[in-house]
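Peer 1: Protein sequences appear in the order of chains A and B.
This note's numbering numbers the first residue of the first sequence as 27 and each following residue consecutively.
This note's numbering numbers the first residue of the second sequence as 8 and each following residue consecutively.
Treat each hint with caution, since some may be false.
Unchecked claim - Calculated cross-link-like contacts (lysine-lysine; reagent style DSS-like; alpha-carbon spacing at most 25 Å):
1) A:Lys599 x B:Lys331
2) B:Lys392 x A:Lys244
3) A:Lys244 x B:Lys69
4) B:Lys197 x A:Lys549
5) A:Lys76 x B:Lys202
6) B:Lys173 x B:Lys197
7) B:Lys69 x A:Lys549
8) B:Lys173 x A:Lys76
9) B:Lys70 x A:Lys549
10) A:Lys76 x B:Lys192
11) A:Lys599 x B:Lys70
12) B:Lys401 x A:Lys584
13) A:Lys29 x B:Lys192
14) A:Lys599 x B:Lys192
15) B:Lys197 x A:Lys76
Treat the hints as calculated values from the structure; they're not laboratory data.
Quantities reported herein were computed from a predicted structural model and do not represent experimental measurements.
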Amino acid sequence: MNKALAALIHQQVKVYRGDATYLLQILRHIQFFCSHIPEQAIQLLSFELKISIPKIRALIEFYHFLHYQPRGDYDIYISDSIIDHMSGKNEITSYLCEKLKVKLNQPRADGRVTVANTSCTGMSDQGPAVLVNGLALTRLSRKKVGQMVAKIEGKIAVEAWPKSWFNVADNIQSKGVLLNSEIKPGEAIKKALAADPHDSLTEIDKSGLRGCGGAGFKTAEKWKSCLLSDDNRRYVVCNADEGEPGTFKDRVLLNSYAEQLIEGMTLCAYIIGAQKGIIYLRYEYQHLHKKLQETLQTRRAANLLGTHILNTELSFDIEIFMGAGSYVCGEESALLESLEGRRAIPRIRPPYPVTHGYLGKPTVINNVETFCYAALIIEKGADNFAQQGLAGFSGCKILSISGDVEKAGIYEIPLGMPVKNVLNLCGAQSVQAVQVGGPSGALIIPAEFSRVISFDSLNTGGSFMVFNHSRDILENALNFTHFFMQESCGFCTPCRVGTKLICDLADKVATGQGARLDLDSIKQLNHVMNEMSHCGLGQRAAHPLLETLEKFPEYFVKRMTDVEYQPSFDVEKSIQRAIDIVTIESN
Amino acid sequence: MVMSKRSNTFTIDGRAIPFIVGETVMQAAIKANIYIPHLCFNPEFTPNGSCKLCTCDINGRKKSSCCTEAQQDMQVNNETHELTGMRRTLVQMLFVEGNHYCPFCERSGNCQLQALAYDLGVTDLHFPQFTAHRNVDASHPDLMLDLNRCIFCELCIRSSTEVDHKDIFTIAGRGINKRLAINSKSGLLKDSTMKVTDKSAHICPVGCIIIKGEGFKTPIGERLYDQHSIRDVGNLRPDSAVKATTPMQAEKPKKKLKLATCSLAGCFGCHMSFLDMDERLIELLDRVELSRSPLNDIKTCAPDCDLGLIEGGVCNTENIAVLKHFRESCKIIIAVGSCAINGGVPSLRNNIDVKDCLDEAYLNGIGLVNPKIPSDKELPYLLEKVYPIHEVIKVDYFLPGCPPPADAFWKILNDLLDGKEPELPYNLLHFD
Ligand SMILES: Cc1cc2nc3c(=O)[nH]c(=O)nc-3n(C[C@H](O)[C@H](O)[C@H](O)COP(=O)(O)O)c2cc1C
Ligand code: SF4
Ligand code: SF4
Ligand code: SF4
Ligand code: SF4
Ligand code: FES
């Protein structure tokens, strides 16, 4: 085998102390190094880590960014969210492929470049966006594409491309208590360490802070359950997988508020008694990795991380773990599976991570934003946070606003704010609909614009996508439906098979072949998937299509012939092969 | 009245069920002889929770009963109209996902997926078939692996690790591209350490892991699930000989109706089985007037037919035209036999390119003189694959079997003549 590759593998195995739970991390390195995972690497790893070959293959096949076949030296992924589409993604893709003379998903014959689609890369405020060898490049224009192609044809290494190309703007549009705060590193911890950990927990409890990752579970309650668990080897995990299309607020927090995040995780460690923390960073945020490492290092140097933090009994350190492309990893128990070096299959719950989490030990998993708010609450007090809400709601929330708005970006808003006020804030005009909470969330029409953003009525992990009257809402449903099919982990029957059936039905409707009986099938599938799926992905996967059907029947009617039944396939297409053969024969 | 608080019971469909703390709803139900449908659960192994057939209403929420611990006073609903409907859909999903052709499956009659379909009254696929490309691995001297039939219950994985301590099987891929992989260098079963004596060789609930030489041993009609429903005997694998019951006698037909029949891509076996009604045919003719049918060689349907029986799958443009003609002429369409319901034998060509099929039949076949692919304008074009008829026209009822027994024809026709919703008793519902 290639000596350099063998050396890399040996070095990686050593770095990770031969611990097989780091397999995914090692595979990522190999993928970057060879632009694929060669068979020999699999065999060597199998030997070194004592894992069977099929188990290694299983990982490679599961994660989107790992491959058996070599990718191009320049491996380009184009973000495929509906918002990217609205900012000209398709046009840019064709232009890019045309300039590079490649077909989607097929490496160019000379092995120089590959271009492929990927699920939302978290750049909806600055699309169309791509990843080039893992690094984000946003606001692609024809001009930028031309320049990129020149670099690629000139064999200029990505590291030598102009740094400015890789700038990712924060686009902070509206600041509230968190985004305005400038916590001095260590302030919140000092304050907490001066008192009993229980006081900090009480403060978090008093603030009413709830999880910002989507589920809205009470943070203090989660931390308390973990604290009360029997085992005293405990972990703090930060969910920075931010995969819900249209969300990007964690990206901004990780970029510019990492101190608060780490402060929050350290506080959590102090409260629950954990020694180790992990940040699970999605693959698409590779560009943040180095900066985060540096922040961790600075804090270690300042005695804010590591052993005996600020010369107290508290010892806690944080490791960054990179994802490899899979939306379901955002589901907390799937995330744990991924951390342990397996395919990201959501676990059977209960038991919950608070008692049986990472490596089977009690684990608190929270979203990036949740930890940031926790630090703020300890620093500024529970009341300060709670007072922020409107109309009886307490606290605030950061929204990632994108689509047909004047100013896309992140907005920290008080909870309880009506949708119409949010729309005013971001300068949205002639709004036809808003998708609140991403594809898994809800489609809101003007008649509902007085509904307020809150955990109980309109819950959102942060995604807020705006569509004006020029948009065809069925396109959204199609995009979301395909997203879910691509991201289904395949564990349970309703989601594995259902997401495919729903996609086929959506395509059938979109191409004008839908019939009334197909609508019945969509309803039945939604019912089964919603009630029977193992995790949130499958539960929500048929919903966008159904909701579009209910709220915008005109987009269906427009495309449908008013019949009860239509065949499942296109007869003309199906006989094309036979016609070709017979035509050749008769000549 | 003071009642002493009875500890450790919960209810399933209103019935009080005792349980030991830590037991799941499924475990307690099995002990109490209550059948909750399941495929991936097996009492010998840790639950997997993936098939979702065991989903029940538990305190008002849908949960997998194999993964939910029983709790005091928990209210579980198992047999509800809603759950039966949802479970039917799940079974149909599993059928369209893989390639399940029961008439030529070694496990037929002993298959738990098929048995659940019978028990839930599933007669059709409802959804379009995926026609997935899956492999058959016949490399092992004693075992065969037909991945077309894998339902990903992961029982082989669990038994191989938990009992055999071998770790032969694993799941790879994700989503709809998920696949079962073998732990050997070549990926073939023969190169693994798998033995026919392993537990995992005797665990597959469907026809995916097959022991060579064991298929088709027991005659049709005498296999385990031919006569006994899975809810009565449970999820069992071994063949179990059971005496066939006497054919059921239905009431006489009462009203005359117009009947048309045809065979598309089929073998006429279904028509032969129709004729097997024997002397009952004379009774039937008192009540039925035969329109277009290969039995009388009439070529078009009367425009006001009541009933169209269609045998065979849809393989070419002529089949489509005939189907449309039937749909326009007949009030009720019944898909008859496996070929009409899921493509059956003719759909064995579905994963083979049309050109290769034609070459094999007309150019490379044995004993051909002057080999040539027919290209006469009059001939219909082949479709790229063979479709079940429900993918081409709306179908009202399905009469499964390969062929369906004469008694099943008799029953369904009589039900319709009596103006009743047709229903097949357990012993007449089979897929082969
Ligand atoms: C399919 C799926 C994807 C998810 N993705 C994310 C995610 O990207 N980020 C996140 O913080 N939570 C995500 N969640 C929610 C997590 O499971 C979990 O509830 C959350 O991380 C808990 O943190 P919080 O209480 O701070 O919100 C996802 C859930 C599901 C079902
Ligand atoms: S619902 Fe979908 S993503 Fe979730 S476990 Fe089931 S198959 Fe996997
Ligand atoms: S008998 Fe065979 S083909 Fe039929 S359902 Fe069972 S495994 Fe599938
Ligand atoms: S081979 Fe059989 S036992 Fe194994 S997962 Fe497939 S269906 Fe289950
Ligand atoms: S179902 Fe069976 S008997 Fe009927 S046509 Fe098909 S192969 Fe022949
Ligand atoms: S038996 Fe419970 S999920 Fe399969």
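Peer 1: Now look at each hint and say whether the structure bears it out.
Peer 2: Now for the hints, and whether the structure bears them out:
This hinted pair checks out: A:Lys599 and B:Lys331 have alpha carbons roughly 18 Å apart, not beyond 25 Å. For the suggested pair B:Lys392 and A:Lys244, the alpha carbons sit about 54 Å apart, so the restraint of at most 25 Å is broken. Taken as a hint, the A:Lys244 and B:Lys69 pair is honoured in the structure, with Cα atoms around 23 Å apart against an allowance of 25 Å. Taking the CA atoms of B:Lys197 and A:Lys549, the gap is near 45 Å; set against the 25 Å cutoff, the hint is violated.
Straight-line distance between C-alpha atoms of A:Lys76 and B:Lys202 comes to about 23 Å, which keeps the hinted pair within the 25 Å bound. In summary, the hint linking B:Lys173 to B:Lys197 is supported, as the alpha carbons are separated by about 14 Å, within the 25 Å threshold. The hinted pair formed by B:Lys69 and A:Lys549 meets the criterion: a straight-line CA distance of about 17 Å does not exceed 25 Å. About 14 Å separates the Cα atoms of B:Lys173 and A:Lys76, which keeps this hinted pair within 25 Å; it holds.
At roughly 20 Å between alpha-carbon atoms, B:Lys70 and A:Lys549 fall within 25 Å of each other, so this suggested pair holds. Restraint check for A:Lys76 and B:Lys192: the C-alpha separation of about 15 Å stays at or below 25 Å, so the hint holds. Note on A:Lys599 and B:Lys70: the hinted pairing is violated, with a Cα-Cα distance of about 42 Å set against a maximum of 25 Å. A threshold of 25 Å between alpha carbons decides the hint, and for B:Lys401 with A:Lys584 the separation of about 23 Å falls inside it, so the pair holds.
Our distance criterion of 25 Å between C-alpha atoms is met by A:Lys29 and B:Lys192, whose separation comes to about 23 Å. Of the supplied pair hints, the one linking A:Lys599 and B:Lys192 is violated, its CA atoms being roughly 40 Å apart against a limit of 25 Å. The suggested pairing of B:Lys197 with A:Lys76 holds, with an alpha-carbon distance near 22 Å, which does not exceed 25 Å.
When held up to the earlier numbered hints, the structure conflicts with 2, 4, 11 and 14 and fits the remainder.
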